[in-house]
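Q: Given these sequences and hints, build the entire structure.
The primary structure of each chain is shown beneath.
There are 2 protein chains.
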Amino acid sequence: MTTTMREGREEVVLPSGFRAAGVAAGIKPSGSRDMALIVSDVPSSIAGVFTTNRICAAPVKLDRERLRHGIARAVVVNSGVANACTGEPGLRDARRTASLAARRLGVPEQEVFVCSTGRIGTRLPMEAVERGIESLVASLSDKGGEEAALAIMTTDTRPKRWTAEFSAGRRVARVTGLAKGAGMIEPNMATMLCFLLTDAAIERVALQRVLKEAADQSFNRITVDGDRSTNDTVLLLANGAAGGPVLRPGRPGWNAFEDMLFDTTLRLARMIVGDGEGATRVAVIRVRGARSDRDADLVARAVANSLLVKTAWAGSDANWGRVMDAVGYSGAHVIESKVDVDFEGLPAVRRGMAGSVTDASLRAAIAKPEFSVDIRLHLGRGEATVYTCNITEEYVRINM
Amino acid sequence: MTTTMREGREEVVLPSGFRAAGVAAGIKPSGSRDMALIVSDVPSSIAGVFTTNRICAAPVKLDRERLRHGIARAVVVNSGVANACTGEPGLRDARRTASLAARRLGVPEQEVFVCSTGRIGTRLPMEAVERGIESLVASLSDKGGEEAALAIMTTDTRPKRWTAEFSAGRRVARVTGLAKGAGMIEPNMATMLCFLLTDAAIERVALQRVLKEAADQSFNRITVDGDRSTNDTVLLLANGAAGGPVLRPGRPGWNAFEDMLFDTTLRLARMIVGDGEGATRVAVIRVRGARSDRDADLVARAVANSLLVKTAWAGSDANWGRVMDAVGYSGAHVIESKVDVDFEGLPAVRRGMAGSVTDASLRAAIAKPEFSVDIRLHLGRGEATVYTCNITEEYVRINM
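Which chain is which? The protein sequence lines are A and B, in order.
Just so we're aligned: 77 in the working numbering is position 77 of the first sequence, and the numbers increase by one with no gaps anywhere.
Just so we're aligned: 59 in the working numbering is position 59 of the second sequence, and the numbers increase by one with no gaps anywhere.
For the record, the hints were derived by calculation from the structure and aren't laboratory data.
Treat the hints with caution; some may be incorrect.
Said to hold, decoys possible - Capping the alpha-carbon separation at 27 Å, the derived lysine-lysine pairs in DSSO-like fashion look like this:
hint : chain 1 : residue 1 : chain 2 : residue 2
1    : B       : Lys28     : B       : Lys61
2    : B       : Lys212    : A       : Lys338
3    : A       : Lys61     : A       : Lys28
4    : B       : Lys338    : A       : Lys61
5    : A       : Lys28     : A       : Lys143
6    : A       : Lys212    : A       : Lys61
A: Written as structure tokens, this is what we have:
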């Protein structure tokens with residue numbers, strides 16, 4: 001255990017009792033890795049949050065159902081095909097994927113979860129899936145986390161992962177997260193998948209509550225294009241293999257776990273937005289002084305999702321006029337003559353009018369890979385932060 | 001009077017008693033036409049609808065105030081500078097623009113309306129505006145409508161105009177409309193300006209009511225990029241110069257006027273969306289069978305504003321999966337297994353799953369300059385139609 005490890009690092013170091021693998025099963029025409037498997041050697045508590053889209057993929061339906069049981073032994077993931085809008089046949093494919101893995105692993109079928117990401121409306125090629133599961137099980141290893149992180153990618157240009165350690169009572173435990181997502185990323189989840197693993201022991205009700213909170217502060221605060229996917233899934237498995245007592249709010253070790261979980265999910269969320277399709281810059285949009293947190297959120301999301309704002313930023317033009325326009329139509333209570341906007345601390349707007357800063361300084365300020373936009377409404381105490389990226393011609397090319 | 005004229009044509013033929021002009025006043029650095037003037041020789045009834053953006057431009061504030069008086073003699077328009085987010089000084093500039101025109105024309109200042117379109121946050125160059133007004137007044141003519149239609153353009157690639165005739169009692173009257181708009185086009189109005197002129201005599205309460213209805217069925221049903229502007233304005237002037245009785249709902253001539261007005265505004269709205277920045281195709285999205293009209297509207301707008309849908313269409317990929325995704329997150333009540341989607345009458349989706357049509361046929365169907373997308377939810381009688389366009393790399397280039 002090194003000290004850098006305690007602060008966390010961009011790598012998958014699987015917590016005790018977890019093994020993983022990632023292989024190319026032939027689902028993606030490109031021949032890239034397209035299936036991953038994560039296994040806990042002992043029964044693990046599991047928590048999950050899913051897309052709020054009313055049209056959701058077969059694996060989401062299956063996992064929601066299985067979450068009631070609350071125990072997991074494995075997660076099977078495929079990329080390339082979303083298994084969404086595939087009706088009853090798609091649901092059968094998802095069930096069969098889980099049952100094939102359960103049989104191979106010798107674990108109860110009910111304790112196998114399934115996730116898919118890729119094109120909507122296409123059936124899973126089950127022969128490829130079956131072969132994939134065999135080869136995944138054969139290559140499972142406690143070093144397999146990196147391969148798994150690669151196998152869940154679609155338009156991602158890089159894997160997203162983070163591992164941190166914390167003291168769970170007298171033991172050292174670990175939390176590691178692997179995520180994917182680059183487009184169809186908005187409000188309440190996106191085509192994003194995230195798997196969080198810890199070897200701390202945590203009872204499922206507390207686990208579900210803390211995951212919901214972590215997702216609200218991270219994955220639900222990013223937006224690439226405003227589109228919400230049919231497949232978004234975040235699963236958190238806690239298998240207790242690190243030993244030590246069960247963690248509970250108010251007990252020793254809980255706060256350390258919570259901190260590390262929140263830090264990990266926020267880091268992964270920012271990695272997703274930083275890898276937004278075609279994106280070259282991340283903007284952190286902070287709204288303060290709104291009449292309510294809900295109003296602040298409306299303003300932050302209107303700015304973060306404005307196509308005109310995001311294309312202006314692609315051209316290094318801060319264009320505070322377009323930001324003001326979005327503030328105005330956000331639906332929040334706004335008084336034009338009270339609004340201040342700063343880019344990287346520079347006063348772009350004061351009392352609704354041009355502040356004392358040149359366009360050239362603003363241009364330089366937002367030329368950074370990450371920049372802040374602070375919007376103050378001076379109407380109350382409502383606050384919100386949303387992370388977004390610019391929209392370039394490359395985004396259009398990727399999605400054409 | 002020709003017969004084609006009765007059906008309407010794509011041209012500004014000013015109704016009796018109206019004169020117009022368009023000039024280059026030096027507001028746009030390009031040297032293109034950037035000021036227009038429309039004058040009624042007699043006091044005219046006026047109705048107006050404006051942006052719903054809480055942050056709105058100085059001319060919008062001024063016109064809203066003047067609309068209470070209900071009488072107009074002239075409208076001064078500039079392109080290049082929006083005069084938005086310019087505070088009290090901007091409001092003074094708008095007032096001064098009106099008063100300069102009023103003095104030159106010898107009409108009451110209260111009866112001069114002002115409209116601006118262009119970049120937000122910049123002050124109007126008042127010397128250029130003053131010179132512009134002089135030259136506009138000097139070149140006013142009953143043939144000046146075409147010049148005015150050109151002068152109000154910003155990123156538009158072509159002017160938008162329509163003229164139709166109708167029988168107002170025993171007289172023939174005319175309604176003509178000139179509009180601009182290509183980006184920042186969404187829900188309730190857009191950076192769009194539209195001037196509707198008629199020589200029928202119409203009392204202002206009826207005029208306001210019919211304009212609101214016409215705008216709801218046309219300009220409020222188009223979307224290019226989901227951004228709502230600070231400057232949107234539609235003005236309808238009725239000067240009665242054709243002679244004949246005052247038109248009222250239920251009286252002879254009213255229905256003919258209403259039909260022509262609705263037809264003219266819908267035509268202009270479709271011209272705007274067809275000239276969407278970088279757009280190469282128009283999609284007409286019809287939703288039926290929703291639980292309510294509001295639900296149908298939510299679905300139509302979610303699809304029409306989905307960046308992923310619009311970029312897929314730019315690549316001639318119908319991608320019904322992305323359409324289904326947007327239907328699902330629209331906020332409307334939806335049951336996945338009941339949804340049908342047709343592209344140009346081809347069954348892309350049946351009961352939430354792939355219909356019996358190949359991707360190649362769908363690709364051919366949406367290769368047209370205008371195509372229909374019919375979404376049926378089978379849950380009730382709610383209906384809505386929204387007109388939109390695809391989003392290409394060119395859109396990003398224009399707005400960078």
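Q: Give a verdict on every hint.
A: Hints and how they fare:
no.	hint	in the structure
1	B/Lys28 - B/Lys61	23 Å, holds
2	B/Lys212 - A/Lys338	31 Å, violated
3	A/Lys61 - A/Lys28	23 Å, holds
4	B/Lys338 - A/Lys61	17 Å, holds
5	A/Lys28 - A/Lys143	24 Å, holds
6	A/Lys212 - A/Lys61	18 Å, holds
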